[in-house]
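Visitor: In case you want the letters, here they are:
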Amino acid sequence: GAVVSQHPSWVICKSGTSVKIECRSLDFQATTMFWYRQFPKQSLMLMATSNEGSKATYEQGVEKDKFLINHASLTLSTLTVTSAHPEDSSFYICSARRTGTDTQYFGPGTRLTVL
Amino acid sequence: DAKTTQPPSMDCAEGRAANLPCNHSTISGNEYVYWYRQIHSQGPQYIIHGLKNNETNEMASLIITEDRKSSTLILPHATLRDTAVYYCIVRPSAGGTSYGKLTFGQGTILTVHP
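Going line by line, the protein sequences match chains A and B.
Residue 78 in the numbering used here sits at position 78 of the first sequence; the count goes up by one each step and never skips.
Residue 1104 in the numbering used here sits at position 104 of the second sequence; the count goes up by one each step and never skips.
Source of the hints: derived by calculation from the structure; they are not laboratory data.
Each statement offered as a hint is correct.
EDC-like mimics (lysine to aspartate or glutamate), calculated; alpha carbons at most 20 Å apart, straight line:
hint, chain 1, residue 1, chain 2, residue 2
1, B, K1101, A, E59
2, B, K1101, A, D102
3, B, K1003, A, D102
4, B, K1101, A, E63
5, B, K1101, A, E52
6, A, K41, B, D1082
7, B, K1052, A, D102
8, B, K1003, A, E59
Here chain B is said to cover these stretches of chain A; the calculated rule only asks that three of the stretch's residues, wherever they fall, bring their Cβ under 8 Å from a Cβ of chain B:
hint, region
9, 39-48
10, 95-109
All C-beta atoms, glycine included, are put in the ideal place defined by N, C-alpha and C.
Chain A with its partners taken away, still in its complex shape:
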């Protein structure tokens, strides 16, 4: 149990376009999901916390208008990178906290490359 999927696993887009990444908890409900970003040879950095049915909470320095998060159900959260630029190229990883527990389970990540 505790499987989290992400779609797509990788995406290449042109500068100025928007990209949507989906995060799904497949076999459990997740009231809270988290979005992280990881640059090459660096550790994961938390971008935002997403709670089902409410607005996301963003970490300091993360632009909420650029990284739109929607958590419409207990099994799905989406991250949309708006007007993507090459500096947004990164590995985006989501995690889901199983409702009633405190353990986060991570998705496989999405590799975004902006040309």
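Please arrange chain B on chain A, whose structure you already have, making use of the hints.
Guide: Okay, now just chain B, sitting in the frame of chain A:
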């Protein structure tokens, strides 16, 4: 939030036990110790967590010192597939603004060799 200190890298021979240390001297009484690992180009994988008592599951054992200032993750019989970056994280307790957030440090790069 309590910080953790881990050695940057360790080696282990296949079939032997891998013992990964972690220092968390500023941990509070109700903060848990979590261990995750990340294999190259994949999302982190949950391994184990604990509060005070030693814990064991199908993947690993977690030994927490009595004063809770350090812990050791033990992979009893390391295989080549255990080569990964291992993260020791102190999870903030409930009630605070950081509750639930995981802060990833640089972790320990464990290399298991034949």
